[in-house]
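Chains as they are written, first to last, in the numbering used here: chain A, 1 to 432; chain B, 433 to 745.
Among the hints, a few may not be true.
DSS-like, lysine-lysine: derived pairs with alpha carbons at most 27 Å apart [stated by the list, open to error]:
#	chain 1	residue 1	chain 2	residue 2
1	B	Lys632	A	Lys288
2	B	Lys555	A	Lys408
3	A	Lys402	B	Lys555
In silico negatives: residues of chain B with every beta carbon more than 10 Å from chain A [what the hints assert, rightly or not]:
#	residue
4	Leu549
5	Leu683
6	Arg736
Pairwise CB distance ranges, derived in the manner of DEER restraints [what the hints assert, rightly or not]:
#	chain 1	residue 1	chain 2	residue 2	range
7	A	Lys429	B	Gly477	51 to 61 Å
8	B	Lys681	A	Val212	34 to 44 Å
9	B	Arg448	A	Arg252	51 to 61 Å
10	A	Gly274	B	Thr528	46 to 56 Å
These are computed hints drawn from the structure, not numbers from a lab. Glycine residues also receive a C-beta, built at the ideal position from the N, C-alpha and C atoms.
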Amino acid sequence: MVVLKLLIKNGHVVDARTGRNGIFDILVDEGKIAEIGKDLEVDSNCDYIDATGKYVVPGFVDAHCHLRDPGYEYKEDIESGSASAALGGFTSVACMPNTSPCIDNQEVVKYIINKAKQEAYVNVYPIGAITKGQKGEELSEIGELKFAGAVAISDDGKPVKSSSLMKKALQYASMFDITVISHCEDLDLAEEGVMNEGYQSTIMGLRGIPSVAESIMVARDLLLAEYTNAPIHIAHVSTEASVALIRFAKKRGVKVTAETCPHYFSLTEEACEGFNTMAKVNPPLRTKRDVEAIIQGLKDGTIDVIATDHAPHHEDEKNVEFNMAASGMVGFETALSLIVTNLVNPGILTIEQVVEKMCLNPSRILGLNKGVLEVGRTADITIFDINEERVIDVSKFRSKSKNSPFDKFKLKGAVYHTIVNGKVVVREKVLL
Amino acid sequence: MSLKGKDLLGLRDLSREEIEYILDTAKTMKLVLLSNNKKTPHLQGKSVVTLFYENSTRTRLSFELASKYMGASSANVVASSSSVAKGESLIDTARTIDQMGTDVIVIRHPMAGAPSLIARNVKASVINAGDGMNEHPTQALLDIFTIIEKKGTLNGLKVAIIGDIYHSRVARSNIWGMTKLGAEVCVAGPATLLPPQLEKTGVKVYSTVQEALIDADVVMGLRIQLERQKSGLFPSLREYARFFGLDEKRLKLAKKDVLLLHPGPVNRGVELTTSVIDGEHSLINEQVTNGVAVRMALLYLLTRKGGSFETAN
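So that you can see chain A by itself, here it is in the shape it has in the complex (with noise of 0.2 Å):
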C-alpha cells in the first residue's frame, strides 16, 4: 500500500509538552510528523483533513483498560476493544492482566502484541501481573514481563494483600524500571459489598463497600513506595480520602501517580438506585463529597491521569440480581464526550491539562514515547470537537459489550478523527 503524506489543516493543535497551543497546520509523512507549522501547502499526493473549529492534540493513551483476550472473548477482544478505543480517540491503550490464562508470564505478552499487530487498530500494550495468576503469593517473573513488552505490572482487580510482598513487588520492579498499578482495596473491609456503602446502600438493603476499604489501602501503598523508594501508580481512584492521602504523599516526595476515571467524576452512588446493575463497579460509585474532591484533584494535579478501566460484559452478566452481576462499565466511547461535558466546559480543566491526563502523563507512567505532538515523533493524532451535543446510544457501541450507565446521557464533545501511526484509523467518526 502506498502510504500518503497526510495534512491536517487549521486545527487548534494543543500539546502539553512544547506548550504549543494555537491554529496549526500538521504534515504527516511516512508515519511520522514532518512538520508543523503555519500554512502548509497541500500537494496532489496529499491526504488532506479540515480540522477548523477542532482540537489537534496527541492520541490519548489509555492507561487502564480491560480488553479480554485471551480468554473471554465473548465480552471482547483485541480487535473489538481496539476499535472501540480508536473511535475513543485512543491510540493507544494499557490492558490489564486479568485475562485467562493471565498475563503473568512473557508468553501471554508475546500472545497478546503478536495478535495486536495483526488486528488492532491501535498500540495495544499489556500490563503484567504483580503475582502469579495475580493470586498475591509470590511475584511473577517481573523482569521477563518487561522484556517480552509488558509496560507495567499490576494485579487490577485484587489488591495484593499482603503488605511484605506488595513491599517486595515495589522493591523488585524498580530495578527494572517497570511501575507497578496497584488496585486498592482492603477485602476484609470490603467484605461482600456490592456498592458504596452509604445512604444508597441503606435504603436498597445492599451490603456496602465503605470508602476507607479503599483509602486505607492507598495509605498503605503510599507508605511503603516511600519506604522502598519506589514509583507506584494508583488506579481509580474514587474516595475524598485517598485523593488527600496522595497529595499529602507527594507533599513528601514520595514518587506516586495517580489515576481517576471518568464516572468518578461523572456520577454518584445515586447511579445505582432501581438495582441499576450498569452502574456496579469496583471501586464503587460514591458520594458528591468525593466526586468533588476527585475534581479538585484533577484541578490542582493530584491526579496525573485520566484512565477509562474501560470493562466490558455480556449482557447477560449484567440483566442479573445486583448482587450478582459482574463490576465494571466500558469506556472508550465516552471517555472524552464526560470529560469535555464535565471537566472542560465548567471550566475546570483546560484542553491542555487534559491532554496532560490524557497523552502526556500516562506515556510517561507507562515509558511509553508517546503523548507529544513533535516533529518526528511518530504521528498518533486525536482530532476532536468540544461543541457537539451527543445522545450516548450504547447499541451503537463498536465494544462487543454495552455495559454502560451512560446510555441516553446528552453530552457534549465528540471525537472526529484518529490518526494511529499515521493511519487515519477513524475518519468523521467512522471507523476505517
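For this one, chain A is given, so just place chain B on it according to the hints.
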C-alpha cells in the same frame, strides 16, 4: 382509586394514599376472614404462584391461604426442588412461570432487588415477599394495619424499632410506611447492626434501647437473624440480650398501653423475654391473622381489571 403500579415491590415506592387504600381494603377482607364462610369470588379465574428462594412458613402459607380464600388457583415453587437447582437464571424461571398464565408471582429472594428484576421482565404482577435486606412490604402493611386497628391512627404515634436494623427488610419497609403515615419512628440497636445514614430516612437513631423506648406507643422487636449474621457484629447472644433485649422492666419505659409487635419467628430469651412475648401488650398473634387479610387485599387490588391498572389521577 387504584394502585399505580403493576407490582408491589416495596413501600418506598408507594404513596400515603395507596397505603391507606390497601389498609382500607384489608379491613373488608378481615371481615371475610373472620366469617364462617371464608370464601369470596374476588380471585376466581386468577392464578397465583409463590416463588420462594428462602425458607418461610408464615409468609408463604399466608399468601397461599389468602389466594385460596378468594378462589384463585395457586401453586408453590420451592427454589431448591426446581430447575433453579439446575442453574436456571432468575429471569428465565420467572418468564417460564409468566408464560403459564400466571396473574401474580409472589417472590421471596435472598438478594435485594430480585423482585424488581423479574417485575421488569414479566407481564404478571409481582409481589415482593421479602428481598434480601431491602423490603418486606406485606409484613410492614400488616404491622401498620395491626397498629391502626388498636390505635385508630399512626399519625403522631412514637414507634420504637429495636434490634438488628442492618439486616432487616421488615425494619426498612416499616420505616418507609410508618413515616409516610405520620408516625415518629425511633430505632435502637448495636452500632454494628445499624445501617449508615439511616437518619436521612427521617427516623431517630439511638444507641441505647432505653432512649428509644421512653413514651413509645408501639415497640417492635426484630429477630436476630442468626442465619444472616456474620461473626463479629456483636460478641454474644447473652450480651445482646443484656443490652438490647426487651424485658418487662424495659417495656415499662414505654407508655402504659404500649403495643408490642414482632415479625416472628421469635428467638425467645434473646430479643424478647418469654413473659413479654406472651404478655398483655403482645400482638404477635393478631399480626398473623392480619397478615392474611392484608395479602387478600393486595392480591385483589393487583388482579382487578384483568391484571392491568389504570393510572391513579
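Exercise. Are Lys402 of chain A and Lys555 of chain B close enough, with their CA atoms no more than 27 Å apart?
Worked result: 26 Å, holds
Problem set entry | Non-interface claim for Leu549 of chain B versus chain A (Cβ beyond 10 Å) | 6 Å, violated
Exercise. Going straight from one Cα to the other, do Lys555 of chain B and Lys408 of chain A come out at no more than 27 Å?
Worked result: 25 Å, holds
For this session: State, for the Cβ atoms of Lys681 of chain B and Val212 of chain A, whether the hinted interval 34 to 44 Å holds or is violated.
Result: Given range 34 to 44 Å: holds, Cβ gap about 39 Å.
Exercise. At the C-beta level, are Gly274 of chain A and Thr528 of chain B separated by a distance inside 46 to 56 Å?
Worked result: Since Gly274 of chain A and Thr528 of chain B have Cβ atoms about 24 Å apart, the given range 46 to 56 Å is violated.
Problem set entry | Lys429 of chain A versus Gly477 of chain B beta-carbon gap, inside 51 to 61 Å or not | 56 Å, holds
Exercise. Regarding the pair Lys632 of chain B and Lys288 of chain A, is the alpha-carbon distance no greater than 27 Å?
Worked result: 15 Å, holds
For this session: Grab the minimum beta-carbon distance between Arg736 of chain B and chain A and tell me whether it stays above 10 Å.
Result: 26 Å, holds
Exercise. Would you say the C-beta atoms of Arg448 of chain B and Arg252 of chain A sit inside 51 to 61 Å of each other?
Worked result: 56 Å, holds
Exercise. Regarding the assertion that Leu683 of chain B does not contact chain A, is the least Cβ-Cβ distance greater than 10 Å?
Worked result: 28 Å, holds
Checked against the numbered hints above, the structure breaks hints 4 and 10 and satisfies the rest.
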